[in-house]
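Asks: Heads up: the protein sequence lines correspond to chains A and P, in order.
Residues 52 to 196, numbered by the numbering used here, are exactly what the first sequence covers, in order.
Residues 52 to 196, numbered by the numbering used here, are exactly what the second sequence covers, in order.
These are calculated hints, taken from the structure and not from any lab test.
Certain hints may be false.
Since copy identity is lost for identical chains, a pair holds within one copy or between any two.
[Unchecked claim] With a cut-off of at most 20 Å between alpha-carbon atoms, the simulated SDA-like pairs for lysine to any residue come out as follows:
{"no.": "1", "residue 1": "171", "residue 2": "129"}
{"no.": "2", "residue 1": "171", "residue 2": "150"}
{"no.": "3", "residue 1": "171", "residue 2": "97"}
{"no.": "4", "residue 1": "171", "residue 2": "130"}
{"no.": "5", "residue 1": "193", "residue 2": "123"}
{"no.": "6", "residue 1": "171", "residue 2": "196"}
{"no.": "7", "residue 1": "171", "residue 2": "134"}
{"no.": "8", "residue 1": "193", "residue 2": "53"}
{"no.": "9", "residue 1": "171", "residue 2": "131"}
{"no.": "10", "residue 1": "193", "residue 2": "70"}
{"no.": "11", "residue 1": "171", "residue 2": "133"}
{"no.": "12", "residue 1": "171", "residue 2": "99"}
{"no.": "13", "residue 1": "171", "residue 2": "143"}
There are 2 protein chains.
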Amino acid sequence: MSTQEDVLEASRRFYSALNAMLNGDAAALAKVWHHGDAVTTMHPVGGRQVGWAGVWDSWTQVAGIATGGGVRLGEQRVEVAGDTAYEVGVEQGECRLAGERVDIDCRVTNIYRRYADGWKIVHHHADVSPAMQALLARLEAKRAS
Amino acid sequence: MSTQEDVLEASRRFYSALNAMLNGDAAALAKVWHHGDAVTTMHPVGGRQVGWAGVWDSWTQVAGIATGGGVRLGEQRVEVAGDTAYEVGVEQGECRLAGERVDIDCRVTNIYRRYADGWKIVHHHADVSPAMQALLARLEAKRAS
Numbered sequence: 052m053s054t055q056e057d058v059l060e061a062s063r064r065f066y067s068a069l070n071a072m073l074n075g076d077a078a079a080l081a082k083v084w085h086h087g088d089a090v091t092t093m094h095p096v097g098g099r100q101v102g103w104a105g106v107w108d109s110w111t112q113v114a115g116i117a118t119g120g121g122v123r124l125g126e127q128r129v130e131v132a133g134d135t136a137y138e139v140g141v142e143q144g145e146c147r148l149a150g151e152r153v154d155i156d157c158r159v160t161n162i163y164r165r166y167a168d169g170w171k172i173v174h175h176h177a178d179v180s181p182a183m184q185a186l187l188a189r190l191e192a193k194r195a196s
Numbered sequence: 052m053s054t055q056e057d058v059l060e061a062s063r064r065f066y067s068a069l070n071a072m073l074n075g076d077a078a079a080l081a082k083v084w085h086h087g088d089a090v091t092t093m094h095p096v097g098g099r100q101v102g103w104a105g106v107w108d109s110w111t112q113v114a115g116i117a118t119g120g121g122v123r124l125g126e127q128r129v130e131v132a133g134d135t136a137y138e139v140g141v142e143q144g145e146c147r148l149a150g151e152r153v154d155i156d157c158r159v160t161n162i163y164r165r166y167a168d169g170w171k172i173v174h175h176h177a178d179v180s181p182a183m184q185a186l187l188a189r190l191e192a193k194r195a196s
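Take the sequences, apply the hints, and build the full model.
Replies: The following block contains the structure:
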């Protein structure tokens, strides 16, 4: 496979894992991410995680309340530069968090790096989603009441 | 200078140029961007530009209505991998578009690459900003009326 195809395959694995996560199972995400101190996520709910422990915790927290979701990456563009690659696109789909349905429609930037065990994702930035922030605020309020 | 410092300097130049743009002058942005077909912007108003012509057009359009703005990059993290580097952070400040003030508070991912003429920015993704989208919609409506 060409390097470009290797990166596209890493992206397919990430989005397959993301779909599993949106149905409650985060395990596959651990296989597609690099487990380093510098990996970062910037999710639609805002904020940022730095380092694998925080990144993994964020995925498992979402998986813990996610059911019946699905997402695909549209308008995908991949650029490869040596052992680093980045991908831009638009994530579209929907998910259910604690049973409440919310649309997914976020521009994303994903960054991948090549390691001894292949291409791994090291950074995921999805546009902030006011709808998802509002949903999480409602869930927090429900939990606190 | 170390490679890390070179990238930090490219970032400082980008944010200096961004501040000039928020005061109506986009010229310095042309010096800090790579002028290639694959460069991309994903601005707070949504959408995406691909290629230098489109990216430059987007900056000059904003500059044409921007006055008295200022922005700084907080929570900056830079990762260098060979001749590619990426930066994450939070842009904070304010701008005035056609005289209307709007806050800037966007997580960003910037990607830089090293060329013969130094490190240049090739991708800029700022979170979508509903406030900025609403402002632009008001300006469009005003223009159409």
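Asks: It remains to establish, for every hint, whether it holds in the given structure.
Replies: Here is how each hint holds up against the structure:
Proximity of residue 171 and residue 129 under a CA criterion of 20 Å is satisfied in both settings, with 14 Å inside one chain copy and 18 Å between copies. For the identical chains of this complex, residue 171 and residue 150 are neighbours neither inside a copy (31 Å) nor across copies (45 Å), given an alpha-carbon limit of 20 Å. For a Cα distance limit of 20 Å, the shortest separation of residue 171 from residue 97 qualifies neither inside one copy, at 23 Å, nor across copies, at 28 Å. For the identical chains of this complex, residue 171 and residue 130 are neighbours both inside a copy (15 Å) and across copies (15 Å), given an alpha-carbon limit of 20 Å.
In this assembly of identical chains, the alpha carbons of residue 193 and residue 123 never lie at most 20 Å apart, being 30 Å within a copy and 36 Å across copies at closest. When the C-alpha separation of residue 171 and residue 196 is checked against a cutoff of 20 Å, the pair qualifies neither within a copy, at 41 Å, nor between copies, at 51 Å. Within a single copy, residue 171 and residue 134 get their C-alpha atoms as close as 11 Å, and across copies as close as 18 Å, so both meet the 20 Å cut-off. Taking identical chains as interchangeable, the C-alpha atoms of residue 193 and residue 53 are never at most 20 Å apart, the minima being 50 Å within one chain and 51 Å between chains.
For the homomeric pair residue 171 and residue 131, the shortest alpha-carbon distances inside one copy (13 Å) and between copies (16 Å) are both at most 20 Å. Taking the closest pair of Cα atoms, residue 193 and residue 70 never come within 20 Å of each other, the shortest separation being 26 Å inside a single copy and 42 Å across copies. In this assembly of identical chains, the alpha carbons of residue 171 and residue 133 lie at most 20 Å apart whether taken from the same copy (14 Å) or from different copies (16 Å). In this homomeric assembly, residue 171 and residue 99 come within 20 Å of each other (Cα to Cα) only inside a single copy, at 19 Å, whereas the closest approach across copies is 25 Å.
Proximity of residue 171 and residue 143 under a CA criterion of 20 Å is satisfied in neither setting, with 22 Å inside one chain copy and 31 Å between copies.
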